[in-house]
Amino acid sequence: MPVLIFLDQSDNTIKKTTPEVITYGAKLAAQLGITAEGILLGTVSSDIAALGKYGVTKIHHVNDEKLNHPDGQVYTQIIAQAVDAIGAKVIVFSNNLHGKAIAPRLAAKLKAGLVSGAVALPDMSNGFVVKKTVFSGKAFANISVNTGIKIISVNPNAFQAEASGGAAEVVPFNATINAAKTKVVSVNKIKGEIPLSEAERVVSAGRGLKGPENWKMIEELASVLHAATACSRAVADAGWRPHHEHVGQTGLAIAPNLYMAIAISGAIQHLAGVNRSKVIVVINKDPEAPFFKAADYGIVGDAFEVVPKLIEAAKAL
Amino acid sequence: MKILVCISKTPDTTAKIAFTDNNTKFAEAGVQWIINPYDEWYALVRAIELKEKDPSVVIHLITVGTADVEPIIRKALALGGDEAFRVNASSHDSFFISSQIAEIAKQGNYDLIFTGKETIDYNSSSVGGMVAELLDLPYISLATKFELNGATATVTREIEGGEEVVEASLPLVVSCQKGMAEQRIPNMKGIMGARTKPLKVSDPVNAEAPTSIISFETPPPKAGVKLIPADNPAELIRLLREEAKVI
Ligand SMILES: Cc1cc2nc3c(=O)[nH]c(=O)nc-3n(C[C@H](O)[C@H](O)[C@H](O)COP(=O)(O)OP(=O)(O)OC[C@H]3O[C@@H](n4cnc5c(N)ncnc54)[C@H](O)[C@@H]3O)c2cc1C
Ligand SMILES: Nc1ncnc2c1ncn2[C@@H]1O[C@H](COP(=O)(O)O)[C@@H](O)[C@H]1O
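For the record, the sequence lines run as chains A and W. Per the working numbering, the first sequence starts with residue 1, numbered consecutively. Per the working numbering, the second sequence starts with residue 1001, numbered consecutively.
Any given hint could turn out to be false.
Straight-line C-alpha distance at most 20 Å; calculated SDA-like pairs for lysine to any residue [as the list claims (entries may be wrong)]: (1) Lys293(A) to Ala1018(W); (2) Lys111(A) to Pro1204(W); (3) Lys111(A) to Lys1106(W); (4) Lys278(A) to Pro1220(W); (5) Lys1226(W) to Val279(A); (6) Lys278(A) to Gly1224(W); (7) Lys138(A) to Glu1028(W); (8) Lys183(A) to Gly1162(W); (9) Lys138(A) to Thr1024(W); (10) Lys278(A) to Val1225(W); (11) Lys138(A) to Gly1224(W); (12) Lys138(A) to Val1225(W); (13) Lys315(A) to Ala1244(W); (14) Lys111(A) to Asn1206(W); (15) Lys138(A) to Asn1023(W).
Listed next, with one range per pair, are the computed distances between beta-carbon atoms [what the hints assert, rightly or not]: (16) Thr1154(W) to Asn174(A): 26 to 36 Å; (17) Pro212(A) to Lys1106(W): 44 to 54 Å; (18) Ile1185(W) to Ile34(A): 53 to 63 Å; (19) Glu169(A) to Glu1028(W): 50 to 60 Å; (20) Glu169(A) to Asn1022(W): 46 to 56 Å; (21) Gly211(A) to Glu1208(W): 54 to 64 Å; (22) Ala1151(W) to Asp64(A): 28 to 38 Å; (23) Pro212(A) to Gln1032(W): 30 to 40 Å.
No lab work stands behind these hints, which were simulated from the structure alone. Quantities reported herein were computed from a predicted structural model and do not represent experimental measurements. Just so it is clear, CB atoms sit at the ideal spot from N, CA and C, and this is done for glycine as well.
Given only the sequences and the hints, what does the whole structure look like? Please build it.
Laid out in structure tokens, this is it:
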């Protein structure tokens, strides 16, 4: 009756969130006094067994390149077969894009209670209660899962990966693989940039920058800090920056370790997408800008003067 | 062609988030309710655009909620749905809600089911996938563009670090986000017309709720901002490295 962890991959590479969810699943398994096992679908070029160091003892691998591109329906069928074969009681996903496409399907198929967006290990002092974010990060809810099989999808960056164990045993899993009903016709990855959803540091700017031509310094600051770039909705709507950079209530919700907001007022809808960031830095020329209330560090000043100096200081590190 | 659009009710994006009854209930006093932005701006408006291109398209709306969601569903009808269903139940469990939607969907034989990316209050991002599984249909999540060519849909969706284009045959479930369409404002004709459009109320089918909300918590307040003088940004960089340890 192990905990089963979905080991997410794309482009033959294990995803950055995977060590986080393995750590979560392994701690959960320790709480329950059972083992943590993983399921991996598709071919991967790196050493799979090495994932054992995050606490997974056995990895069930369907080593078939037809599965390199996740189709939610096909993946759900295979994971359900694995759950059945190994008698898994709790299944753990990352609440990333793949997790969002697969975990709910699996929950419906297995009639299992699902908590999506978990931020803590379950409290088992009275049932099985998992804390998740609600109201776009403005609050948490404690959700009781009342079914025999339980599914948890863990928010990216809510849980730190911890290496402790050794190598995992990798065993092939023989699954019935149905043909996918969806077909990927093209993939367009933005080259050279750090994907915003996975970035540990984000440099973001708002309408106070006055025009798209002023983003050079933002890109440069992001580059020296190894950060992704983001923007407010006002900026994306004005066409100054691409839509995928828009963060907030109606854009992407992110939770990096560092979020630096430059010339963004800090409207409540903007905060809703960034308030789970660990450290927030605000640079705004208006000392009354609402963003300062949500900030850990701040500079009241003109971005056009402050940002070039920040770049210099960061380069000197 | 028949499209079913899933509509949910959420607090206005500026609503104060607080709880009552020993932190077990959301404090509704004074809260303005809106159509969940993803459902309205993207799912519903994209359906309306498809109907504008092909007038034979029929748009049905579904909401699972008690009588107090009716102003919301009327507003959605004013924007452009043809008729609406309300399943009279109150639940925040995605499986319960999805079971109700799947039941209505089975009766209506829809070619397309649109949901929003997520509800901005419970943020589950689950209903679309669950409905798809219950109906054994493909599900394309987090779509930013949707085009139809006969019975084949071409959908652009977000992936980590970019986007991909996926093709699938109808019927299909799609969850919608920014990029799908542009926000619209209902006009007078729509508002008047919505009053007489059919809104059918039914009782929920039996479905267990595998989860329940025990309590809410609000995050501890921030300690307060540490201000660094504007003429010394190097100090900020030092603090981020040595104190916050994030760079
Ligand atoms: C339903 C709904 C959903 C929304 N969703 C989102 C969302 O997802 N994301 C989002 O971002 N917004 C969202 N909004 C919009 C939001 O309310 C704000 O309008 C928007 O965030 C403002 O963007 P901004 O801070 O860049 O611009 P502004 O509000 O114009 O602020 C510009 C800031 O720059 C400062 N500034 C100006 N010049 C300088 C300078 N030289 N140096 C330093 N600072 C300077 C100003 O003091 C000001 O604080 C939503 C709104 C609604 C109604
Ligand atoms: N009570 C409901 N009634 C109808 N549709 C809903 C309801 N709750 C959620 N949905 C739909 O499912 C989407 C995702 O919601 P969720 O999974 O709760 O984040 C929403 O954007 C709506 O389109």
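Practice prompt. For the range 28 to 38 Å, tell me whether the beta carbons of alanine 1151(W) and aspartate 64(A) fit it or not.
Written response: Once the Cβ atoms are compared, 29 Å apart, the range 28 to 38 Å for aspartate 64(A) and alanine 1151(W) holds.
Worksheet item: Has the given pair, lysine 111(A) with lysine 1106(W), been kept, meaning a C-alpha gap of at most 20 Å?
Response: holds, 19 Å
Worksheet item: Does glutamate 1028(W) lie within 20 Å of lysine 138(A) when you go C-alpha to C-alpha?
Response: holds, 15 Å
Discussion item. Given the hinted pair lysine 111(A) and proline 1204(W), is their Cα-Cα distance within 20 Å?
Written reply: holds, 18 Å
Worksheet item: CA of lysine 1226(W) to CA of valine 279(A), is that 20 Å or under?
Response: holds, 11 Å
Discussion item. Can you tell me whether the CB distance of proline 212(A) to glutamine 1032(W) sits inside 30 to 40 Å?
Written reply: holds, 34 Å
Worksheet item: Cβ-Cβ distance between glycine 211(A) and glutamate 1208(W): within 54 to 64 Å?
Response: Once the Cβ atoms are compared, 55 Å apart, the range 54 to 64 Å for glutamate 1208(W) and glycine 211(A) holds.
Discussion item. If I claimed the Cβ atoms of isoleucine 1185(W) and isoleucine 34(A) lie 53 to 63 Å apart, would that claim hold in this structure?
Written reply: For isoleucine 1185(W) and isoleucine 34(A) the Cβ distance comes to about 55 Å; the hint holds.
Worksheet item: Taking only the CA atoms, is the gap from lysine 278(A) to glycine 1224(W) under or equal to 20 Å?
Response: holds, 14 Å
Discussion item. Just to be careful, I want the Cα atoms of lysine 111(A) and asparagine 1206(W) compared with a cutoff of 20 Å; is the pair within it?
Written reply: holds, 14 Å
Worksheet entry | Hinted pair lysine 183(A) and glycine 1162(W), Cα distance within 20 Å | holds, 17 Å
Worksheet entry | Restraint check for lysine 293(A) with alanine 1018(W), where alpha carbons must lie at most 20 Å apart | holds, 18 Å
The structure shown violates none of the earlier numbered hints.
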